[in-house]
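Trainee: Protein chains in written order, with the working numbering: chain A, 1 to 137; chain B, 1 to 187.
FYI, nobody ran anything at the bench for these hints, they're computed from the structure. Even for Gly, the Cβ is constructed at its ideal location relative to N, Cα and C. Hints are supplied without guarantee of correctness; some may be wrong.
Here are the simulated lysine-lysine pairs, DSS-like style, with alpha carbons at most 25 Å apart [said to hold, decoys possible]: (1) K31(B) / K2(A); (2) K58(A) / K59(B); (3) K50(B) / K71(A); (4) K71(A) / K58(A); (5) K59(B) / K31(B); (6) K2(A) / K50(B); (7) K132(A) / K50(B); (8) K50(B) / K58(A).
Over the 10 Å line for every Cβ pair with chain A, so calculated as not near, a few chain B residues [unchecked claim]: (9) E3; (10) M21; (11) F33; (12) D52; (13) G102; (14) P123; (15) V164; (16) A186.
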Amino acid sequence: MKLLRFFLIGVYFGIVLVKGEVISWFRIQEMFHFQSFYMYGVIGSAVLVGALSVALIKRFQMTSIDGEAVKLAGKPFNRAGNLAGGIIFGLGWALAGACPGPLYALLGVGYWTILLAIAGALLGVISYGYLKPRLPH
Amino acid sequence: MIEFLSQSWPWYVSGPLLGLMVPLLLILGNKEFGISSSLRHMCAAALPLKADYFRYNWKDALWNLVLVAGLIVGAAIAAVGLDGGSAPAISDGARELFSAWGIESITELQPREIFALQNIATPTAIVSLLVGGFLVGFGARYANGCTSGHAIMGLSLLNFGSLVAVIGFFIGGLLVSHLVVPWVLAL
């Protein structure tokens, strides 16, 4: 059952997010105030491991365990969307002290108040869905 | 092993383990890492929305929703079994800052001023969580990715658009963390 694999990868991700403290509001504000190297170290080394993995997969033309060629499409460049959307996302990231992964992880930890932020995020997505045709991309 | 995992992890343990999400998903599932699209799939699956943005076969993205279900369970396991809900090991400088912001004590993962259930109806919690969440959802979909899809997966692919998005994340985050958060805490 292939979906079980995704569930288990999700379990792994949840444990790392919580134990890595990246779901903590305190860690996010500490990062934006340059009061510790911690979050920069986490994000930087995560990207390093990710980039190295991608390079190895490309270099050795590795396949997935199902024998398929690994798809590395990436996302299309979209100047207004990437920048304006990115800034709007950043405003929320600092205000809530959480990005989408942590929103879910905090629910798992038992912070029920995060449901308010998840509801807000869903409203944000719905608003974007309706405004999309009128926004510059 | 459990004892070892229950300690506070240094950045050079947390970061690489987080980065392993990229090859885990590529090799085990042939999927590119990303979390915020799950919000869109939930809307498409559960709500009768007429906008084109929500009219697609969300079942093709079921893997992403299953990943999120696992993520919630994993977080619960970390909190219950691996001491994951304890206060983060933040710096002395950060402690001074939070104390100046009026946060009384740091005894758990999150500040009680925003996240305690009895404070949910306060202006501080409503602005932080509801407005903050709205901006996270709107911005992530407008940017076509969040910290997972752009900062980790996109930068790993050396994707230029992802770099632009991550710069945007920091512009927005710096502005709010310095100018708005102290004000919201004082509401």
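Trainee: Compare the structure with each hint and give your call.
Mentor: Structure-based check of each hint:
A hinted pair counts as satisfied when its Cα atoms are at most 25 Å apart, and K31(B) with K2(A) qualifies at roughly 12 Å. For the hint pairing K58(A) with K59(B), the CA-to-CA distance comes to about 29 Å; that exceeds 25 Å, so the pair is violated. Using a Cα cut-off of 25 Å, the hinted pair K50(B) and K71(A) is violated, with the two alpha carbons roughly 31 Å apart. A threshold of 25 Å between alpha carbons decides the hint, and for K71(A) with K58(A) the separation of about 10 Å falls inside it, so the pair holds.
Under the criterion of a C-alpha separation no larger than 25 Å, the hint pairing K59(B) with K31(B) is consistent with the structure, at around 15 Å. Among the hinted pairs, K2(A) with K50(B) is inconsistent with the structure: their alpha-carbon atoms are about 31 Å apart, more than 25 Å. As the CA atoms of K132(A) and K50(B) are separated by approximately 13 Å, the hinted pair is consistent with the 25 Å bound. At roughly 40 Å between alpha-carbon atoms, K50(B) and K58(A) are farther apart than 25 Å, so this suggested pair is violated.
At roughly 13 Å, the least C-beta separation between E3(B) and chain A is larger than 10 Å, which holds for a residue marked as non-interface. A beta-carbon of chain A comes within 10 Å of the beta-carbon of M21(B); the shortest separation is about 6 Å. F33(B), annotated as away from the interface, has a beta carbon of chain A within 10 Å; the closest lies near 8 Å. Against chain A, the non-interface label of D52(B) is violated: not every CB pair exceeds 10 Å, the least being about 8 Å.
Its beta-carbon lying about 13 Å from the closest one in chain A, G102(B) satisfies the requirement of being farther than 10 Å from that chain. Listed as a non-interface residue, P123(B) keeps its Cβ farther than 10 Å from every Cβ of chain A; the least gap is roughly 13 Å. With a least CB separation of 4 Å from chain A, V164(B) falls inside the 10 Å interface cut-off, contrary to its annotation. Taking the minimum C-beta to C-beta distance to chain A, about 14 Å, the non-interface status of A186(B) holds against the 10 Å cut.
Taken one by one, the earlier hints fail for this structure at numbers 2, 3, 6, 8, 10, 11, 12 and 15, listed in ascending order.
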